[in-house]
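Novice: So the protein lines, in turn, are chains A, B, C and D.
Our numbering puts the first residue of the first sequence at 2, with every later residue one more than the last.
Our numbering puts the first residue of the second sequence at 2, with every later residue one more than the last.
Our numbering puts the first residue of the third sequence at 2, with every later residue one more than the last.
Our numbering puts the first residue of the fourth sequence at 2, with every later residue one more than the last.
Since the hints were made in silico from the structure, they are not lab data.
Incorrect hints may have been included.
[What the hints assert, rightly or not] No farther apart than 20 Å at their CA atoms in a straight line, the calculated lysine to aspartate or glutamate pairs in the DMTMM-like style are these:
{"hint": "1", "chain 1": "C", "residue 1": "106", "chain 2": "D", "residue 2": "21"}
{"hint": "2", "chain 1": "B", "residue 1": "106", "chain 2": "A", "residue 2": "122"}
{"hint": "3", "chain 1": "A", "residue 1": "61", "chain 2": "A", "residue 2": "77"}
{"hint": "4", "chain 1": "D", "residue 1": "106", "chain 2": "C", "residue 2": "21"}
There are 4 protein chains.
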Amino acid sequence: MSAVPSAPTDPARYRFWVAEEVRFADLDVQGHVNNNAFGVFFEHGRVEFLRHLDGFGPDKPWLIALARSVIDYRAELHYPASIRIGMGVLRLGNTSLTLGGAVFKGDACISTQEAVCVLLDAGTRRPTPVPDSLRAALSSHSLV
Amino acid sequence: MSAVPSAPTDPARYRFWVAEEVRFADLDVQGHVNNNAFGVFFEHGRVEFLRHLDGFGPDKPWLIALARSVIDYRAELHYPASIRIGMGVLRLGNTSLTLGGAVFKGDACISTQEAVCVLLDAGTRRPTPVPDSLRAALSSHSLV
Amino acid sequence: MSAVPSAPTDPARYRFWVAEEVRFADLDVQGHVNNNAFGVFFEHGRVEFLRHLDGFGPDKPWLIALARSVIDYRAELHYPASIRIGMGVLRLGNTSLTLGGAVFKGDACISTQEAVCVLLDAGTRRPTPVPDSLRAALSSHSLV
Amino acid sequence: MSAVPSAPTDPARYRFWVAEEVRFADLDVQGHVNNNAFGVFFEHGRVEFLRHLDGFGPDKPWLIALARSVIDYRAELHYPASIRIGMGVLRLGNTSLTLGGAVFKGDACISTQEAVCVLLDAGTRRPTPVPDSLRAALSSHSLV
């Protein structure tokens, strides 16, 4: 993992965005947004980003599986809050791709994620190369 | 419960609204929004509604506890979807209040909830009368 | 709903049980188990009960959809806690069935649910009669 | 992070265990246990481990905040399943501690987590040294 760059904390670096409202159910007993809610935010950002690039859905001959998630918790988040999730690409391999994401409240970066994903053939569930069309779409959202 | 009116399925009946995006995590293995996600939507609507009426928060000398939840599932909801939750009041008792809520996609009613709540004194955790100011605010959102 | 009997609060009435550990994530900002966690407990009890009766699964030509959920919150539940969920049958219709469930900590009833379900043909997604074999299995778990 | 050892995938390395049942709600639309459910499992293991060491709770003058979570997804997990979560210590700093955890089904390692935590003074919310008693308790569960 040493070669994986960190997801940027500067909102100017992201070109794809998803807006979210924090829900009351995202809070935990400590009164702030629970660490697992960020996993849910990043998953939503990841799915929306890949759908936007025509890379995700039941009609695709591939699946995109999460192999590793690295989340840094940089600030507390409270209720209520409107947040936005920036998404982009940190690294493109042959059968893998690493997405970077960040949750912002205003311009304050609350949390970042590096998500190492693997493309699997929908039939065999074995790793399969990232198709050229998806590769081109992902490249236009490089964060590095 | 026989006397509790049903939450309306007509969006014209609601005066308080919360907007939400369905998250990927709201889906279940059957490919639609899980029944428990609606509980989360209604909880969010309930908290926002009561906060709007200055009836909910850590500074209040009362708590509002959910005693009974009746949810009707009227249609399937899929991903992605923007929804809105309408909230209002079905019944006002001495120490209890019954809220009505409905989840809409466009004007289609997906689900309704009747939520029987009880006011508890924040110190003793015993039932306590709905204060006059909150009673007045709630009355202006009657659904019946 | 007036004819639907309530789910019993007496553990002696249930013959099917599921054991669960409350998770830290089941808590909410008020420090007790959140109301939506009970929906998750009852869903788990419902699925396990129907699987036990050979009535649920991807190999079945029917789906069982939740049409109405009535949950009564009878006591607070805190962390940590071992709970058990009792499940049985409150009513059997032609294409519908109403399950009753209760969450217990020891012998104390924390919450009950009446769950009105509808059998749907897996192909057409239209209501379909409860098959005789499932009907017989359900009848042996009647709560009334 | 380069210096943080990985959480072991060998169950023989763990001395503290928590048992869990996968819930139907842990599944996602792809039919397996969702990646965020593992965050919930590890949180539960972490809380139980720290409670066992008398290091976590409302009576403590410190909080333990999660600063970084690294989760590796090593195999798919399906429903139903009984799992167990092994927990131990990867690194002890002055004001920080890194816990290692792993989810097993039987002896098969499904997922591992490295959780970098920081001790905060419950009053000031500033980093505070790990107390000697907790340090000693943690040391007896070293994974490295």
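Novice: Tell me the numbers of any earlier hints that the structure contravenes, in ascending order.
Specialist: 2, 3
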